[in-house]
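Listed below are the residues making up each chain.
Protein chains: 4
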Amino acid sequence: MMSKPMLVCVDDYENYAREHLDRQTLIYFTTGADEEITVKENRDAFKRLRLRPRILRDVSKRDLSTSILGHHVDFPICIAPSGAHCLAFHEGELATVKAAATMKTCMVLSTATTKSIEEVSQTASHCLRWFQLYVWGARKVSEDLVRRVEAAGFKALVLTVDVPYAGKRRQGSLGFQGFKFPPHLELKYMPREATNTQAEKLTDSKSTSSPFVQYFDASLTWECIEWLKSITSLPIILKGILTPEDALLAVQHKVAGIVVSNHGGRQLDYVPATIEALPKIVEAVKDQIEVYMDGGVRTGTDVFKALALGAKAVFVGRPIIYGLSYAGEEGARQVLQILRDELSLTMALSGCSKINDIKPQYVVHQSHFAKL
Amino acid sequence: MMSKPMLVCVDDYENYAREHLDRQTLIYFTTGADEEITVKENRDAFKRLRLRPRILRDVSKRDLSTSILGHHVDFPICIAPSGAHCLAFHEGELATVKAAATMKTCMVLSTATTKSIEEVSQTASHCLRWFQLYVWGARKVSEDLVRRVEAAGFKALVLTVDVPYAGKRRQGSLGFQGFKFPPHLELKYMPREATNTQAEKLTDSKSTSSPFVQYFDASLTWECIEWLKSITSLPIILKGILTPEDALLAVQHKVAGIVVSNHGGRQLDYVPATIEALPKIVEAVKDQIEVYMDGGVRTGTDVFKALALGAKAVFVGRPIIYGLSYAGEEGARQVLQILRDELSLTMALSGCSKINDIKPQYVVHQSHFAKL
Amino acid sequence: MMSKPMLVCVDDYENYAREHLDRQTLIYFTTGADEEITVKENRDAFKRLRLRPRILRDVSKRDLSTSILGHHVDFPICIAPSGAHCLAFHEGELATVKAAATMKTCMVLSTATTKSIEEVSQTASHCLRWFQLYVWGARKVSEDLVRRVEAAGFKALVLTVDVPYAGKRRQGSLGFQGFKFPPHLELKYMPREATNTQAEKLTDSKSTSSPFVQYFDASLTWECIEWLKSITSLPIILKGILTPEDALLAVQHKVAGIVVSNHGGRQLDYVPATIEALPKIVEAVKDQIEVYMDGGVRTGTDVFKALALGAKAVFVGRPIIYGLSYAGEEGARQVLQILRDELSLTMALSGCSKINDIKPQYVVHQSHFAKL
Amino acid sequence: MMSKPMLVCVDDYENYAREHLDRQTLIYFTTGADEEITVKENRDAFKRLRLRPRILRDVSKRDLSTSILGHHVDFPICIAPSGAHCLAFHEGELATVKAAATMKTCMVLSTATTKSIEEVSQTASHCLRWFQLYVWGARKVSEDLVRRVEAAGFKALVLTVDVPYAGKRRQGSLGFQGFKFPPHLELKYMPREATNTQAEKLTDSKSTSSPFVQYFDASLTWECIEWLKSITSLPIILKGILTPEDALLAVQHKVAGIVVSNHGGRQLDYVPATIEALPKIVEAVKDQIEVYMDGGVRTGTDVFKALALGAKAVFVGRPIIYGLSYAGEEGARQVLQILRDELSLTMALSGCSKINDIKPQYVVHQSHFAKL
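Same order as they appear, the protein sequences are chains Y, G, H and P.
Counting from 1, one number per residue, gives the positions in the first sequence under our numbering.
Counting from 1, one number per residue, gives the positions in the second sequence under our numbering.
Counting from 1, one number per residue, gives the positions in the third sequence under our numbering.
Counting from 1, one number per residue, gives the positions in the fourth sequence under our numbering.
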């Protein structure tokens, strides 16, 4: 690591990853649906928000700790589920969970993990872990998975609800045609026969960017919440909600929380940036359940804005991948440390000493200043 | 076709066409009026609209079929009239109509066709065909054409109402001066003497980009609807309406439908994008007649937005040309298939299973999220 | 002229001029004040307006003629005053006035003319001519000029009111330091001693871009209108008004008309584009006097927009210079012909047959379509 | 100086500095926090404001003089505090104060000065001088400094309130790691041991861009105003206020004035441009105390806009550095002269003869013209 460049912000880690990961891996991790408008919007929408800092408050000590579903985290920046960490660093999700453990935050393990549930748990048994779940057409497969997850000490299920089918990633479509997972890697809980499926085997047209998604249950409805509750006592979080209408349905179906998410812009292009969708959802939910967000978080000011607009915590996905690509566990830890430090500094420079101090009045849309 | 690149979206076909068609043909098909602001707006306006997807609905089966003027189409994406398909592919409109037939959608044949009405009909007699009409100064010419069209089994007349004169296409102006149709090609229903007219023969200034338009009737008024009805029993659709005022006049004159169109930005620059003009027109028309649109449609999300804002179907012009240039009938078919697949996927990811599920609340302007 | 490129729009003439005029001349004619934001806005503001065309009206005959102060012009596009036409073409203002005469429009001769009032009048005695006036510190000089102008058959005085001092043109500042008028040229009515003044002679700082303006009367007030009326019976037009407040003062002081103008962005940077300033001024004036505009007009759609928003006519300055640089009188005539043809075509494609048909409802701001 | 380029505007001086200062010095003076959005906004926000000039007023004599806290200045453009002028020119703050004295304006000396308080005072004892103050953790250090400042004839204390911690300047973070002050230079009132601290000595993460700020008192509250008043009779000005709420608190704590400032975009990124934050603050303060602004002022139109929106005076920082880098005292003087001349010209072209004539109605947001 001696000769590696000194990196000071998440953008630096992204630039590093873009220079060092192979093209197929980059396409897998970084691309979005269609024209990638939503990928871009996830960042740009943050840039349209302005901070209103307050001065002359004692900010010499800041407490960034908070809780999610009653569990302590040292700071409200958690690790979003993303697949195949072994593509970014050979230790894969084991490096990631060690970084989460060291930083005392929560990691959400993806169903598309390249390390097993038990390996991850044993590597960092004290780390707060949640599990991201897809519901398969064959529900028994999902049921078995849920039981293993619960047994392994995971504390919540994060049900992804925005993937009845895979989004169309243009580069991904091409990329996957010749793309095979390295022979030593395995998506642990994806149907074995799908892993190296050639494009020509797919029944759908060439717009399908992932061979796995055909096994998902596209007929899933709100009924699945009842079914999940019948097989597990773990709290259920819905990830992929973008409208107040669905947020209210989530409340009615008594889930524990929701993640305002557009799947990093990878599913349906032209959906709003999550930081833009967040306020109306928070307003509708009225504190009845916890609301989180992911998508486009790259700086401490981003985190601060999300918290001010009502998120209980934010999740970062790609930044962790970029950290892994730089230096495995240590790189992932550095990324979390940078975001934490930047949030701490943003709080100090805004006059906030603890997370609960971060209120809506600290953030306004840029158009707020267009009136004279 | 083995060595051709794999194309996954309409933009890919456009890029292919721009690399493979000769310059004169590209100018003929792609340019727009004056500064081409409206050409650009037709695309950009779609990009300013956001989708509001709903989750946890059974979308495992989607039905994209609909009807236009009572005729079934497998999906609401039809082929707009555009001229001289033989310039893009040697089989010209015959390739196009075969693609439409295979895909079970509607083709609108242009008066500027390079294949005869009867050839097109005999090539795909079961395909739903409409005919695009200009009214000539010599009405007898138009009348004869209408009777041939009706006899050939076309199901509607699409009267173009935005070309009393040809728009000024700057590149076209220059291009046409030296431009001659290849000797083996012919615009079947354009006055013969006009086809290879030199620029110096034109009575108007050098701003005229087409030698044919001088033969159109610039004195045409709403009276022509009555006249058309007197010579044909075919339903009449007006193409080129951009204001609610004219849409209401169309309703009063009892046409069967209207196409919100700006002629692909080729007639009057600075008119609004069609997707922006559409909502107020739909609101005015109140379901009394069918409203279609064309202009700038390049993805399934575009189609979804147009349907959500009230279009009964959309028409695509240049994308078909791009498909033809890639692989004739097969290329045109691929373009339609891609748009169909993308619409299907957009519906699935938005929680819609059939065309009628696509309602206005699924689409908002980006400024919807600017208020905090 | 055989080998010259074929030019089809005013932008082509500008490009030609930028390639063929020497650098000092280009700086003199094209630059604007400070950061040239207003120069750019004069164009960009037109681009933010949309047209709302009407269809199926008999537009086979268009009458573009109108009157300004009771004098007939064949079309409402007149020649704005600009200095030193001899720098663009050796015949200077004589070429310009011949173009105006041929096209049957009005030319406003600048005080900074390089041809004499009498030469211009004798060259085209039947051409409608107005004279642009500065008021000098020494009023007797202005008075003599007014009497010569009146004797020479000019029909109105256009008093420039936005130059108490010269605007700061950054390139102009540098340019003028070494810039000398060619020895055979002369600004006929500028103080002789100023014409070739070196920069170091100027009393003000290096921000002064013109040596002539020091002779203008910076103490001028509305009183000067009464004085002008006392020495001439010519109607007085004020050029350089940008606010409804000053427009109303102009009405109160009984001038015959006003030109909404920002001096082509050459005086005060960051003033609004004229097409944006126009509507509120028209609304305030309520038809009590004629309102014209200049600034940024480059296409027929621009003219149409200005007329729709209430201008009685528009004036073009730099386009005439570009035409002169291309082919003298013939080039200036071509520019006017192009603008006239484009206006005619815009009217036809909008459903307007005469100038009075062009109403406010034909134009909306682009934000009109942002509401869903 | 003979061979130096002729510079006509502040941008020219910036370009000169960017070409001639070494990279470390440029990073020190020009960079901003995080993504430098606020640095850019400070300029861009000015560009979104339009002027509404009035005509035909006697502007032959302009009086730009005004007062700040009762002290005469020849024009309302003062020198903002910025550190280490010796990095830009060997005479450092002595050159700056001589320029201020010649131009009869106010200089605010920074605590990060490279020349002593007494040297600066003796160099230009008649020049109006204010002193910018940080409050150190060790208050006795600050107290001693205040007494020296008062004894040296400074007329006000400008307490910087937006630096409980240093902002994160990405380039600065890297730059400072190897950056050592030239051995012959010294930040006079920064803790000696900090001046050449290596990055690894810092307790905080690598996000800290300045080694000095760790000595500041991050626990500072409004109580410090009372303490300052107890040790000095100098009027107190708070610099770094961005909200009406804090402006009102400043009024309640009876300070003499406030500077609407975002520290040149160097502290917290994504705070509003100062020219955008200004109007609401002026509205809240209601003339109870003087309101100044800094940030992004580069032209006379910028100054005019700030005054129109209620600033009593503006302060310029980086422009002075650029002037110093060009020609020391003479360069700083030229920059002030240019801004003064440009303000004078803007007043003349707007119809204003004295500072008090510059009212809010002279400035509108560009969106003012978007309504038709």
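What the hints contain is simulated information worked out from the structure, not anything from laboratory work.
Be aware that one or more of the hints could be misleading.
Identical copies look the same in the list; a pair holds intra-copy or inter-copy alike.
When the alpha-carbon atoms are kept at most 25 Å apart in a straight line, the in silico SDA-like pairs for lysine to any residue are as follows [what the hints assert, rightly or not]:
| id | residue 1 | residue 2 |
| --- | --- | --- |
| 1 | Lys-47 | Pro-182 |
| 2 | Lys-354 | Ile-27 |
| 3 | Lys-354 | Asp-217 |
| 4 | Lys-359 | Val-251 |
| 5 | Lys-359 | Leu-26 |
| 6 | Lys-61 | Gly-137 |
| 7 | Lys-140 | His-126 |
| 8 | Lys-359 | Glu-283 |
| 9 | Lys-47 | Thr-31 |
| 10 | Lys-155 | Ala-138 |
| 11 | Lys-354 | Val-251 |
| 12 | Lys-40 | His-365 |
| 13 | Lys-254 | Gly-351 |
| 14 | Lys-312 | Ile-355 |
| 15 | Lys-140 | Pro-244 |
| 16 | Lys-4 | Arg-147 |
| 17 | Lys-61 | Leu-249 |
Keep in mind that this is a model prediction, so the values were computed, not measured.
Each hint, compared with the structure:
Within a single copy, Lys-47 and Pro-182 get their C-alpha atoms no closer than 38 Å, and across copies no closer than 38 Å, so neither meets the 25 Å cut-off. Taking the closest pair of Cα atoms, Lys-354 and Ile-27 never come within 25 Å of each other, the shortest separation being 38 Å inside a single copy and 32 Å across copies. Only between protomers do Lys-354 and Asp-217 lie at most 25 Å apart by alpha-carbon distance; the minimum there is 18 Å, versus 42 Å within a single protomer. Both within a single protomer and between protomers do Lys-359 and Val-251 lie at most 25 Å apart by alpha-carbon distance, with minima of 23 Å and 24 Å respectively.
Taking the shortest Cα distances, Lys-359 and Leu-26 never come within 25 Å of each other, neither inside one copy (37 Å) nor across copies (37 Å). In this assembly of identical chains, the alpha carbons of Lys-61 and Gly-137 lie at most 25 Å apart only when taken from different copies (14 Å versus 51 Å within one copy). Proximity of Lys-140 to His-126 under the C-alpha cut-off of 25 Å is found in neither arrangement, the shortest distances being 29 Å within a copy and 47 Å between copies. For the identical chains of this complex, Lys-359 and Glu-283 are neighbours both inside a copy (13 Å) and across copies (24 Å), given an alpha-carbon limit of 25 Å.
When the C-alpha separation of Lys-47 and Thr-31 is checked against a cutoff of 25 Å, the pair qualifies both within a copy, at 21 Å, and between copies, at 18 Å. Only within a single protomer do Lys-155 and Ala-138 lie at most 25 Å apart by alpha-carbon distance; the minimum there is 24 Å, versus 48 Å between protomers. For the identical chains of this complex, Lys-354 and Val-251 are neighbours neither inside a copy (28 Å) nor across copies (27 Å), given an alpha-carbon limit of 25 Å. For a Cα distance limit of 25 Å, the shortest separation of Lys-40 from His-365 qualifies both inside one copy, at 18 Å, and across copies, at 17 Å.
Taking the shortest Cα distances, Lys-254 and Gly-351 sit within 25 Å of each other only across copies (21 Å), while inside one copy they are farther apart (36 Å). Within a single copy, Lys-312 and Ile-355 get their C-alpha atoms as close as 9 Å, which meets the 25 Å cut-off; across copies the closest is 37 Å, which misses it. Neither within a single protomer nor between protomers do Lys-140 and Pro-244 lie at most 25 Å apart by alpha-carbon distance, with minima of 32 Å and 56 Å respectively. Taking the closest pair of Cα atoms, Lys-4 and Arg-147 never come within 25 Å of each other, the shortest separation being 43 Å inside a single copy and 49 Å across copies.
Taking identical chains as interchangeable, the C-alpha atoms of Lys-61 and Leu-249 lie at most 25 Å apart only when they sit on different chains, with a minimum of 23 Å there against 40 Å within one chain.
In summary, the structure is inconsistent with hints 1, 2, 5, 7, 11, 15 and 16 from the numbered list given earlier, while agreeing with the others.
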